Structure formats: C-alpha cells, structure tokens
Amino acid sequence: MKLGNPRRAVVVALTLGLAVSLAACGSSSGGNDAGGATLTVYTDQHADLVKALTDQYSKQTGVKFKIQNSATVGQIQAEGRASRADIFLSEDPTSVAELGAAGLLSTVEKSTLDQVRPGLSSGKGLWVAYAARSRVLYYNPKLISADQLPANLADIIEPQYKGKFAWAPSGAFVATTQYLISTEGEAKTKTFLEGIKANGVNEQTNGNVRDTVEAGKHAMGLSNHYYWWVLAAQKGGPDKLTSKIYHFPSVDAGNLILSSGAGILKASKHQDQDQKFLAWLTSKDSGQKLIATASADVSEAQYPVAPGVSSAIAGDLSEIKSPQFDMDELANAEQAEDLLKQLGMSSG
Amino acid sequence: MSRRRHRGARSVIAFSAIAVAGVSLVPVGYLFLTGISLQDIRKQFRYPATGAALLQTIELTVLISVLTVVLGVGCALLVARTTLPFPRLFTVLFALPLAVPGFVSAYADYSTELTYAPKLGVVTSFGGASLIMALTLYPYVFLPCVVALRTVDPALEEVVASLRPRRVSVLWRVILPALRPAIAAGVLIVALHVLAEYGGMVQLERSTLTTKIMAEMLDYGDYRSARSLSVLLMVLSIAVLLATRLLTGPSRLNYVTHGSTRPPQRASLGRLRIPTIAVGLAVPLAAIGPTALMTLRGLTNSDRKVSVDWSTVGRASSTTLGYAVAAALVATAVALPVSWWVNRRPSFASNLTERTVWVAHAIPSAILALALVYLAIRLVPALYKTSTVLIAAYVILFLPLAVAYQRVGLGATRRSYDEIAASLGARPGRTFFRITLPLALPGFIAGALLVGLDVSKELTTTLILIPYNAKTLSTQLWATTNGESLDFTAAAPYAAMLVLLGIPPVYLLVRHVLRQVDVAPDAITPSRADKRPRAVQPPLQTADF
Chain A
181 MKLGNPRRAV
191 VVALTLGLAV
201 SLAACGSSSG
211 GNDAGGATLT
221 VYTDQHADLV
231 KALTDQYSKQ
241 TGVKFKIQNS
251 ATVGQIQAEG
261 RASRADIFLS
271 EDPTSVAELG
281 AAGLLSTVEK
291 STLDQVRPGL
301 SSGKGLWVAY
311 AARSRVLYYN
321 PKLISADQLP
331 ANLADIIEPQ
341 YKGKFAWAPS
351 GAFVATTQYL
361 ISTEGEAKTK
371 TFLEGIKANG
381 VNEQTNGNVR
391 DTVEAGKHAM
401 GLSNHYYWWV
411 LAAQKGGPDK
421 LTSKIYHFPS
431 VDAGNLILSS
441 GAGILKASKH
451 QDQDQKFLAW
461 LTSKDSGQKL
471 IATASADVSE
481 AQYPVAPGVS
491 SAIAGDLSEI
501 KSPQFDMDEL
511 ANAEQAEDLL
521 KQLGMSSG
Chain B
254 MSRRRHRGAR
264 SVIAFSAIAV
274 AGVSLVPVGY
284 LFLTGISLQD
294 IRKQFRYPAT
304 GAALLQTIEL
314 TVLISVLTVV
324 LGVGCALLVA
334 RTTLPFPRLF
344 TVLFALPLAV
354 PGFVSAYADY
364 STELTYAPKL
374 GVVTSFGGAS
384 LIMALTLYPY
394 VFLPCVVALR
404 TVDPALEEVV
414 ASLRPRRVSV
424 LWRVILPALR
434 PAIAAGVLIV
444 ALHVLAEYGG
454 MVQLERSTLT
464 TKIMAEMLDY
474 GDYRSARSLS
484 VLLMVLSIAV
494 LLATRLLTGP
504 SRLNYVTHGS
514 TRPPQRASLG
524 RLRIPTIAVG
534 LAVPLAAIGP
544 TALMTLRGLT
554 NSDRKVSVDW
564 STVGRASSTT
574 LGYAVAAALV
584 ATAVALPVSW
594 WVNRRPSFAS
604 NLTERTVWVA
614 HAIPSAILAL
624 ALVYLAIRLV
634 PALYKTSTVL
644 IAAYVILFLP
654 LAVAYQRVGL
664 GATRRSYDEI
674 AASLGARPGR
684 TFFRITLPLA
694 LPGFIAGALL
704 VGLDVSKELT
714 TTLILIPYNA
724 KTLSTQLWAT
734 TNGESLDFTA
744 AAPYAAMLVL
754 LGIPPVYLLV
764 RHVLRQVDVA
774 PDAITPSRAD
784 KRPRAVQPPL
794 QTADF
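Heads up: the protein sequence lines correspond to chains A and B, in order. Straight run, no breaks: the first sequence in our numbering ends on number 528. Straight run, no breaks: the second sequence in our numbering ends on number 798.
It is worth saying that the hints were derived from the structure and are not from the lab. Where hints are given, some of them may not hold.
Residues from chain A that keep clear of chain B, each with C-beta distances beyond 12 Å, as calculated [said to hold, decoys possible]:
{"#": "1", "residue": "D228"}
{"#": "2", "residue": "A258"}
{"#": "3", "residue": "T274"}
{"#": "4", "residue": "D294"}
{"#": "5", "residue": "Q328"}
{"#": "6", "residue": "D335"}
{"#": "7", "residue": "D452"}
{"#": "8", "residue": "D496"}
{"#": "9", "residue": "E499"}
{"#": "10", "residue": "A516"}
{"#": "11", "residue": "K521"}
{"#": "12", "residue": "S527"}
Each computed DSS-like pair below joins lysine-lysine, with the alpha-carbon atoms no more than 27 Å apart [said to hold, decoys possible]:
{"#": "13", "chain 1": "A", "residue 1": "K420", "chain 2": "B", "residue 2": "K372"}
{"#": "14", "chain 1": "B", "residue 1": "K372", "chain 2": "A", "residue 2": "K322"}
{"#": "15", "chain 1": "A", "residue 1": "K290", "chain 2": "A", "residue 2": "K239"}
{"#": "16", "chain 1": "A", "residue 1": "K415", "chain 2": "B", "residue 2": "K296"}
Bear in mind the structure is a predicted one, so any value in this text is a computation, not a measurement. The beta-carbon is built from N, C-alpha and C at its ideal position, and this holds for glycine as well.
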C-alpha cells in the first residue's frame with residue numbers, strides 16, 4: 181500500500197481506525213445473555229486458576245463471569261459506591277483482609293465456612309479460604325546437605341548461615357513479620373530481622389529466590405512452596421530440579437500457612453448467587469477437587485483447603501506444621517511494615 | 254473576510270490545544286483531588302530507603318540518558334555518516350528494540366545470566382541495569398538524530414574540515430551542535446521512561462521512586478503515600494523538562510548556502526569496516542538477543558508440553574492491534590492542534606501548553622489508571638471498562654510522542670509556504686492538504702507508529718482498564734508469570750507475537766523518517782531530488798521539538 185498521496189493516506193487511516201474501534205467496542209460489549217446471572221469477579225489470584233474455576237462453574241450452572249485480573253483494593257476503592265465487583269478472589273490473605281477491615285464485605289454463609297479446615301478463613305466470617313500456600317525453605321543439595329539445614333526459622337540468623345541464603349520482601353514476608361510481632365513482640369522480631377538482613381541476600385521476589393537457589397547462586401532461600409512446583413512442572417518434573425523443598429520439622433513460623441480468600445462485596449446486587457459460587461468453590465467435590473487435581477500450570481500447586489482433599493502435586497495441608505495465625509490481622513500490618521521499612525527491608 | 258476567518262481558525266486551534274493539555278492534566282488533578290500530604294512525604298523520608306531510592310532514581314536517569322546518547326548518536330553516525338554497508342538494514346536493526354517491552358527484556362537478561370553465569374551478578378548491578386535499560390531505550394535518541402543528521406548542511410562541514418583537517422573537529426564543531434535539539438528530544442523521552450519504569454526496575458533489583466510508589470500501592474495498601482510520592486516524581490519530571498529545554502539550547506548554525514542541501518560526505522571506514530560492522534551488530538544483539546534466546550528456548554522446550562491455544566494468541570493479537578491503531582489515530586488527531594500551535598505560533602503560552610502534555614507521561618501509569626477509574630465510573634459510567642476509556646488512557650499517556658514527532662514533521666514546512674500559498678489564492682484547507690501535510694506526513698506517521706508501539710507494550714494501565722475478559726498480548730504475557738517470574742515456555746508465543754507485530758511498524762517508522770539513509774553518496778541525482786519536497790528542508794528546525 182502506498183501512502184504517498186496524503187489525502188488517500190488520511191482516508192485509509194480514518195477508515196481503518198473506524199473499523200478497528202468498532203471491532204474493539206463490539207468485542208467488549210458482549211457478555212449479558214439469556215442464561216443465568218453474570219457475576220463480576222475481581223481477583224489478584226493466578227489468572228489461569230480463576231479461569232479454570234469460573235469456566236467449570238459456568239458449565240455446570242450457566243452463570244457467566246466478567247473477570248478483572250490483577251485487581252487491587254485500590255481499584256475497588258476508586259470505583260467507590262458504584263463498584264462493579266461482586267466477588268473478590270485473593271491470592272494472599274492481605275487483600276481480602278483489607279476489604280473486610282474497610283467494611284466492604286458481607287458475611288460468608290456459615291455452611292460455606294464449615295466446608296473448610298478450621299483456622300484458615302476470616303475469624304469474623306468475612307471471607308472464606310479456598311486455597312492455601314505455605315512458607316518453606318528451598319535448598320540446593322550441591323551447596324548444603326539436608327542435615328546442616330536450620331531446625332527452625334529463628335536459627336537461620338546463626339553465624340554458620342552467613343551469606344548462604346536468599347530472601348524476598350514479599351507480602352508473605354510481611355505476614356511472617358506480623359505473625360512474629362504478635363507472638364514474640366517487636367523487640368525480638370527486630371533482632372531476628374536484623375539477623376536476616378546481615379546473613380541473607382535480598383533477591384527482591386520469591387520467584388528470584390527460587391531461581392537463584394536452583395541456579396546455585398545461594399545455598400538456601402526463604403520462599404513459598406508453590407514456586408518450586410511451578411518450576412518443576414516447567415522443567416518436566418521434580419526430579420529435573422537440583423534444589424529441594426524443606427519444611428521445618430516442628431511447628432514453626434517458617435512453615436506459616438497463608439490462605440487465598442474469597443469474599444463477597446456488600447455492594448453486590450447478586451448476594452445469593454455470590455454465596456452459591458463460594459459454596460461451590462469450597463465444596464470438596466467441586467472447586468476443591470479442581471484445585472486438587474489440576475496441573476501445576478493451572479493450580480500453581482496450591483493446596484486445597486477442604487478437609488480430606490489433598491493436592492495431587494504438593495500433598496496434604498495437614499503435613500504442614502504451621503502455627504495458628506489470625507490472618508485478618510494482616511489488614512493492620514502497619515507495625516510490621518513500619519519495622520521493615522525502618523530496617524530498609526521493604527519492597528520497592 | 255479571509256483574515257478574520259484565519260484569526261478565528263487560529264484561536265480555535267489555540268483553544269483546542271489548551272483543551273488537550275487540560276485533559277492530559279486530569280490525572281494530576283486527581284492526585285490533588287483525592288488528597289496528598291506533605292506529612293506523608295515526610296513520613297516516607299524517615300525511612301532510609303526512600304532517600305536512597307530518590308537518589309538512585311536521579312542517578313539512573315542521568316546515567317541511562319548519557320548511555321542512550323552515546324548509543325543513539327553513535328548508531329546514527331554509523332548509518333548516516335559512514336560507508337557502513339546495508340545502512341537501511343542497520344537502521345531497522347538499531348530501531349528494533351522499540352518492539353520489545355522493557356519488563357520482558359529485563360527478565361530475559363536476568364534469566365540468561367542465571368542460566369549461563371549464576372554468580373555473575375552483573376544484570377542486577379547498578380551499571381548492568383543501567384546498560385540494559387539504555388539498550389531498550391536508545392532508539393528514542395537514535396531516530397531523531399538520524400533525521401537531524403541529514404539536515405546538517407554539508408557545506409558547513411566542508412568549511413570546518415578545510416580549516417581543521419581532523420574529522421573529530423567536524424564532529425565537535427558542526428555535527429554535535431546540530432544534533433543538540435534532536436538529542437534533547439530523545440533524552441526527554443528516555444528520562445521520562447526511566448522515571449516511570451516499574452516492571453523492569455523490579456526485575457533488575459533497582460529501587461526507584463516509582464518502585465516505592467508501586468510498593469506502597471500493591472504491597473502496603475497505602476494509596477495516600479503513593480499519591481504523595483507521585484507529586485515528588487512530577488517535580489523530577491518537571492526538572493527533566495527544564496533540563497532538556499536547556500540542552501536544546503539557543504544553538505543555531507548558519508547555512509553556508511541557501512536552498513537545496515547536498516547529501517553529506519560519508520566517512521570511509523577503510524580497514525575498520527569489519528570491526529565497525531561487528532560493533533554495529535553487537536548493539537541490537539545485546540538489546541534483543543537475550544529475549545530472542547529465551548523465547549526460542551521456550552518454544553523449543555522439550556521437557557514440557559504446553560498446549561498453546563493459538564485462538565487465544567490470535568484474539569489477543571487482534572485486540573492488541575485494534576487498541577494500538579485506535580490509540581495511534583486518536584493521539585495523532587488530538588496532538589495536531591498542540592503541535593501546530595507551537596510550531597506556527599511559538600509563544601510562551603503555546604510552549605507551556607506543549608510542555609504540559611509531558612507531565613502526565615511522567616506519573617506512574619498505575620496512578621493515571623486509578624485516576625481514570627475514579628473519574629470514568631462517576632462521569633461516564635457506561636464507558637467504564639470499555640475500550641473507550643482504555644484508549645483515552647493510552648492517548649493521555651503517549652500523546653507527547655505524537656506531539657514530538659509531529660513537530661519534527663511540521664519543522665519540514667514553513668509559515669512562509671502558507672503565506673505564499675495564500676498569496677496565490679489558496680484556501681487554508683487546500684494549503685494544508687497540498688503543501689503542509691505532504692511535507693509533514695513522515696513526522697505524523699512516525700509519531701503515530703511510536704504511539705502504537707508503546708500501546709502494544711503497555712501493561713499497568715491495560716491491566717486496570719481493559720474491558721472484562723478481554724486480553725492483549727502483554728496482559729497474556731503477564732498472566733503466564735507464574736510466581737512473579739516470566740515463564741518463557743508459556744509466554745513464548747505471546748512474546749514472539751509481540752515482537753513480530755512490532756517489526757512492521759518499526760520498519761515503516763524507519764522508512765518514513767529516514768528517506769535518505771540508504772542513498773549512497775553519489776546516487777542521488779538532481780532530478781530525483783527535485784521530486785522530493787523533503788530535500789528542501791531548513792536545517793535544524795526539523796528536529797527542534
């Protein structure tokens with residue numbers, strides 16, 4: 181196509197633009213249909229998992245979904261009273277806890293909360309856990325043998341581990357800090373964090389922690405369990421990886437379980453439909469089964485949370501010796517955040 | 254009659270330009286509307302890392318700008334002033350990094366290092382990260398410099414060369430001063446990109462004001478602090494605007510002759526030919542090599558079967574293309590009054606208006622997107638989460654690119670041409686279509702293409718404002734980031750598609766901006782030159798944005 185003639189170029193450009201914008205508008209306005217209701221899900225969970233869950237629910241019930249990936253509490257707050265969100269599906273507990281603390285969530289039906297192992301959902305019933313991850317220690321057996329690993333998280337600041345491990349200032353790290361402050365007090369937590377800073381290397385993200393331990397840059401790394409399983413799936417199986425996962429042998433802050441939570445926005449006009457979806461999501465024969473059996477690409481090897489259902493990849497949640505932790509506390513983690521920032525251990 | 258109508262048209266243009274600048278300031282207005290406080294800023298600075306991040310932001314901006322000038326000017330001289338073979342091919346190669354999103358090349362470099370030299374630690378060092386960012390951004394300096402280089406009057410170079418026979422004198426006394434406006438224009442775009450970069454900086458483990466702002470929003474849920482720190486970022490961007498204005502400087506070289514300029518002398522490479530080709534190839538290779546390598550490794554990963562859903566890839570490609578074309582066209586239309594006004598009526602008011610559209614370019618795009626969420630759902634609820642608001646966001650974000658390159662285009666025309674046309678009885682509309690547009694078209698097209706390219710790579714705003722369930726190539730790329738790290742096996746089809754889609758615009762860009770680059774020193778004949786109105790360009794003004 182020659183655009184030499186400017187008038188022709190302008191005409192071509194305008195026609196093209198009109199056609200394209202019409203196409204773009206057309207593709208975005210579809211959605212409402214004759215079948216069931218349409219629920220709008222805001223989520224910061226792994227997009228493939230949310231897609232798999234909502235697709236299956238659509239197939240079974242005819243309910244359609246509009247999905248906002250990478251959603252934030254900030255977006256819902258900016259939307260204000262007119263927010264379109266019916267349901268929020270979080271990856272870490274912090275975002276649902278914040279929505280709950282801001283008074284934006286309805287109470288989840290008790291029968292739904294009862295479908296999940298105790299201690300994983302909001303104590304106030306503002307959100308229900310539908311998946312979980314645990315904190316772990318990765319190690320590279322070429323650089324450190326299993327019997328040399330610390331017996332608990334607190335030991336990692338001992339001199340023999342100096343320069344030997346990676347950590348990341350992720351949301352899960354903030355959660356661990358908050359847990360330590362609420363159980364051990366601020367002074368002890370500060371000493372521990374200073375030890376982490378002095379002994380470890382900040383690799384910024386949990387994904388980097390995994391990759392650097394696997395590549396042999398560090399002997400150990402503090403991260404979440406599922407990153408390792410995701411890499412294992414990418415490489416063709418756990419036996420293809422050099423690094424290994426280590427769970428601290430006794431109940432320990434280093435094994436902390438963190439929930440992915442589902443909450444219903446008070447402003448939603450489909451409260452009944454929302455409750456039904458959450459009931460399905462946490463039922464051992466429906467949503468939980470999908471999370472338990474899906475491939476690592478889809479589930480990210482997250483743990484299902486209904487009793488009796490275990491992940492085909494990562495195992496059963498009951499094997500994880502995590503202390504009890506009220507995750508609603510994470511909505512007010514200022515103390516932890518402040519401490520981390522003072523020590524120069526915050527993210528960003 | 255006609256004079257009054259002209260004056261009327263003029264004030265319509267001025268009014269439209271001011272309106273455009275006003276709308277582009279809307280996100281900034283939102284910052285003040287929703288509350289910011291000095292106290293929040295002070296609170297943040299009680300933490301040692303905030304001051305360090307601010308300092309590092311400034312250091313990175315300066316170092317990356319310097320590196321892009323070295324790379325951009327160097328590559329421009331190679332293709333426009335030496336006998337480097339295949340200058341057109343090299344021009345495309347040098348511009349190609351424009352097609353790769355910053356966060357993708359940052360992650361590709363990171364994983365390349367981990368794969369081949371895990372203990373090296375260069376990629377995440379200050380110098381390494383700066384070089385990586387510079388390699389993705391130097392085309393913004395390279396392109397205007399090539400345009401400017403062909404407008405330097407070779408007679409001037411010859412005069413200097415005859416007085417001071419060393420080549421370096423010509424470079425220092427003629428070429429570099431002539432390039433100042435082009436360098437300033439490029440550095441402005443580069444520096445504002447550095448200030449606003451998020452994904453790439455996180456992956457390269459560099460803490461900047463923008464990563465702090467994003468952490469306040471995403472990790473600590475403190476939106477007030479995020480907004481307050483954004484004001485600080487705006488101050489930095491204004492400093493950049495002023496600094497590049499100084500860099501543009503009053504430099505005006507004189508013409509030795511009037512009228513048509515001849516093709517310049519090209520320095521013969523002689524024995525340095527092969528090493529120069531090697532260096533020339535090394536630059537684009539360093540910029541996009543790791544991304545290409547990781548994408549190929551991903552596509553050929555035999556350990557794992559990923560069933561690529563090509564229909565999703567196809568749909569994401571067409572959506573991306575649609576948004577890019579729509580935003581490019583709207584931005585072109587909207588930028589026109591601004592570029593026209595400042596080009597034809599340079600004044601304090603028109604210059605201020607033109608500088609204003611840059612400010613929105615410098616605040617983190619997540620803040621801009623939240624501003625549009627806030628406003629759209631209240632003012633035009635029916636349009637919220639439709640492509641209209643998303644495209645509006647793209648236009649606000651990338652408008653400066655369109656304005657800048659339109660000014661390059663309009664620089665090839667002159668007010669006196671309008672006056673001559675008017676004296677011959679042509680109406681303004683006819684003058685525009687017959688005289689101005691043909692001369693300015695390459696600049697207009699270049700601006701539109703750059704906007705389209707940046708739209709196709711954009712992630713943060715897209716994630717927030719994209720219609721429910723819609724997907725673009727970069728959101729799909731992001732969706733494969735299992736555990737914060739790009740999974741190149743699953744991401745490869747999207748990365749490959751994004752780069753493939755980027756190549757035609759980069760090629761067109763090069764073709765339209767650089768008509769003369771491939772013309773060998775003695776190949777241009779007078780008759781050919783006569784057919785090209787572009788050969789009669791006034792020097793320098795061309796690139797003075």
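Which earlier hints turn out false for this structure, listed by number in ascending order? Violated: hints 1, 2, 3, 10, 11, 12, 16.
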